[in-house]
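My request is simple: use the sequences and hints to build the entire structure.
For the record, the sequence lines run as chains A and B. Every letter in the first sequence is one number past the one before it in the working numbering, and letter 407, counting from 1, is 407. Every letter in the second sequence is one number past the one before it in the working numbering, and letter 20, counting from 1, is 20.
There may be inaccurate statements among the hints.
Said to hold, decoys possible - Dumping the calculated EDC-like pairs for lysine to aspartate or glutamate here, alpha-carbon to alpha-carbon at most 20 Å: (1) A:285 with B:140; (2) A:251 with A:195; (3) A:201 with B:207.
Unchecked claim - Pulled from the structure, derived: some chain A residues nowhere near chain B, Cβ distances all over 12 Å: (4) 80; (5) 182; (6) 237; (7) 269; (8) 423.
Hints listed in this document are in silico derivations from the structure and should not be mistaken for laboratory results. Ideal Cβ placement from N, Cα and C applies to all residues, glycine included.
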Amino acid sequence: MSSRWRSLASTGIIVAVVAACSGGGPSTAPSVAGSAAPSAAASPAASEGTTGEPATVDWWHITTGEPGKSIFQAAADAYTAENPNVTINVTVLENEAFKTKLSTTAAADYPDLFQSWGGGIMAAQADAGLLKDITADIAEWKDTINPGAMSIYAYNGTQYGVPWDMGMIGFWYNKAHFEQAGITAPPATWDEYLDDLEKLKAAGLEPLAIAGKDKWPSMHLWTYLVLRIGGGEALSQMIQSGNWNTDACTKAGEEVLRLNALEPYQAGYKSADYNAEAAAVGNGKATMELMGQWAPSVQMDQSADKKGLGDDLGWFAFPTVAGGAGAATDGVGGGNGTAVGVNAPPEAIDFLKFFSSVDIGNKLNTDNVGLSTVIGTEGSVQDPNLQAVLAGRGDATFMQLYLDQATSGGLSQAFNDATIALFLGESTPAEVCQALTDAAAAG
Amino acid sequence: MTAISRRTRPRPAVGAKWLTIGLFVLPALVLYAVFVILPVLQAMQYSLFKWNGIAPLTDFVGLQNYVIALRNDVFTTSVGNNLLILVLSLAIQIPFSLALAVLLNRRFRGRAALRLLFFLPYVLSEAVTGIVFTLMLQPDSVVDASLAAIGLEGLTQDWLGDSTLVMITLFVLISWKYFGFHMIIMLAGLQGIPRELEEAALIDGADRRQSFRYVTLPLLGPTIRVSVFLSMIGALQLFEMVWVMTAGGPVNASSTMAIAMFKAGFRSNQFGYGSALAVILFVVCLVVALLYQRFVLRRDTEGAITAYGG
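So this is what it looks like as structure tokens:
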């Protein structure tokens with residue numbers, strides 16, 4: 001499973017436009033009545049019984065690792081056993097191969113169900129007429145899914161997919177290091193956080209691991225600073241308007257400079273990739289990294305003894321910044337979902353409902369395939385750190401999809417390129433905000 | 001179709017000759033057209049559009065992608081890096097390979113083993129080489145530890161993380177990978193030079209240095225010129241090793257034209273802009289190759305090409 005997470009994580013980078021609001025209710029709700037319902041599913045009973053005629057559903061997913069792959073196959077088998085008229089053709093593809101195959105597939109041959117991360121690429125697919133509007137089809141059961149996660153698969157008020165996994169980024173830290181440096185509790189504010197980094201540094205430790213080669217881990221740190229300083233609304237505004245020459249952007253950059261001044265990063269951070277970052281934490285060399293829910297498994301995988309930190313690993317949410325408009329419960333996150341292709345028969349959507357059951361959700365949780373988005377599956381998460389992540393997701397007052405996935409094209413990559421220059425001391429806060437504004441304008 | 005219709009009718013001897021040639025060349029020609037010519041033409045078409053690779057190809061922007069590329073700092077840095085590697089290769093790697101070839105052309109024990117040893121790096125895949133060296137160049141890893149072990153702690157560096165040092169590190173590794181290849185080419189060239197000529201020079205009173213300078217080197221000219229050509233094209237197309245080791249970082253310090261192209265296309269989904277970079281890279285390589293053929297390689301290929309065509 002860890003290799004899958006890693007590939008998702010490292011390629012999450014290529015993708016993604018949709019500010020994801022959670023907690024406050026799904027942004028898609030108002031449009032349900034207004035959007036045009038596809039003919040087959042117009043009647044309430046249709047999504048339940050569909051037509052009963054023979055139907056074929058093509059499903060492409062990228063869950064290549066076990067046990068996820070078997071769980072997905074078992075779900076398809078269970079559904080076809082209940083609905084003998086339906087054939088589900090499952091195609092399991094490796095992440096990069098999936099993207100290549102999808103990008104060269106004509107609209108007429110588009111799969112009915114396929115892996116999606118929501119956000120910018122999904123929006124581009126919707127604009128190109130490759131996706132089906134399922135807003136009305138799923139209206140009856142959409143409330144069984146975490147609304148924040150659901151909103152990532154909506155674009156311009158239309159639902160195009162359903163998430164099955166959603167997590168949140170936070171600090172993963174070594175408790176033993178904290179103890180060694182005399183830190184009793186995880187920091188709640190950014191100033192405390194910087195103080196703690198100094199204490200860790202003074203104790204001879206490498207406080208924070210980032211990845212100068214892969215760029216995105218520190219991009220998330222910068223995103224959190226913008227979110228904490230400017231607040232969710234301001235951040236959504238920046239994404240929508242494309243104007244990053246804002247106070248929040250500049251101030252976030254200045255906080256990064258304060259961070260840089262402490263020289264908190266691990267040895268070799270400038271050329272480190274994400275695996276090296278995870279190894280630094282997993283081997284107990286660096287104290288912490290800011291990372292998504294997959295962090296423990298990658299740390300384990302990359303550590304010399306393949307065990308990672310075990311019980312010494314802890315998690316805390318990104319601290320608040322004094323005077324900032326953002327709440328401690330605002331988050332940055334993302335995950336995996338299933339998008340619906342433009343040619344999908346009603347049976348495909350019916351299967352999606354089946355796939356979004358509490359039973360399958362529990363299975364995804366207990367087997368560490370993901371953090372299920374189905375409401376009522378929270379109890380099946382056993383790991384205390386993942387429970388903390390889940391609580392963070394559940395309490396989120398605002399959820400921002402990873403910026404490089406939420407946007408598309410040049411801007412998506414510009415987030416990584418511009419912010420890493422800041423962390424490596426080769427750019428100023430104002431230059432970063434200008435570079436992003438330029439990239440947004442260029443499209 | 002024409003081939004078949006020709007075959008059914010008797011043809012003059014000249015026609016039959018061209019038919020035979022045509023038939024034998026056809027499969028290669030078809031492959032070349034489908035996998036080389038066509039993609040190049042497609043890239044040229046895409047480069048005139050603003051295109052994300054998903055939506056239909058409709059947003060025609062003319063030469064704008066080219067204008068953006070030439071004004072883009074990252075791309076100009078990339079061109080500079082390609083040129084740096086090119087110049088260093090010609091100034092250091094080629095002479096080094098030549099010296100080794102001359103040395104290994106002498107008779108001594110262990111010559112074959114040394115030849116094999118020096119050629120070995122070339123056999124490894126670039127990706128494997130890149131990963132191995134990345135691991136060795138980590139802080140406190142093999143390279144730094146070796147330096148420390150011989151009392152040179154002071155020389156340890158952030159080999160891949162220092163933006164002024166990274167290109168030099170990469171150059172050393174690229175040279176390490178390819179010097180054996182150039183050495184073998186030159187060794188083959190040296191073995192084609194009749195020993196009698198050098199002997200004659202020695203009998204006429206030339207010393208070894210003079211014999212090398214005025215007899216061996218001029219006769220080795222064609223081989224060196226081919227080696228230089230391959231080295232130049234390699235430097236311009238540099239991608240794999242750099243992508244694996246630094247991905248163009250830190251902050252584009254080691255970016256090359258091919259890396260800028262790959263990032264624009266497959267990382268930013270700007271396939272129009274990426275295609276424009278691809279076309280620029282193609283044109284640069286083509287121009288360099290044609291000029292080199294025209295002005296440098298011409299004397300070597302003269303008989304071969306002109307006689308055949310005429």
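Do the hints match the structure? See the list:
With a C-alpha separation of about 12 Å, the suggested pairing of residue 285 of chain A with residue 140 of chain B holds against the 20 Å cut-off. Proposed proximity of residue 251 of chain A and residue 195 of chain A is supported: the alpha carbons are some 19 Å apart, at most 20 Å. Restraint check for residue 201 of chain A and residue 207 of chain B: not satisfied, since their Cα atoms lie roughly 66 Å apart, outside the 20 Å limit. The claim that residue 80 of chain A lies off the interface holds: its Cβ sits roughly 31 Å from the closest Cβ of chain B, which is beyond the 12 Å cut-off.
With a minimum CB-CB distance of about 26 Å to chain B, residue 182 of chain A clears the 12 Å threshold, and the non-interface call stands. Distance to chain B confirms residue 237 of chain A as a non-interface residue, since its nearest Cβ pair spans about 23 Å, more than 12 Å. Annotated as non-interface, residue 269 of chain A brings its C-beta within 12 Å of a C-beta of chain B; the closest such distance is 7 Å. With a least CB separation of 9 Å from chain B, residue 423 of chain A falls inside the 12 Å interface cut-off, contrary to its annotation.
Checked against the numbered hints given earlier, this structure breaks hints 3, 7, 8; the rest are met.
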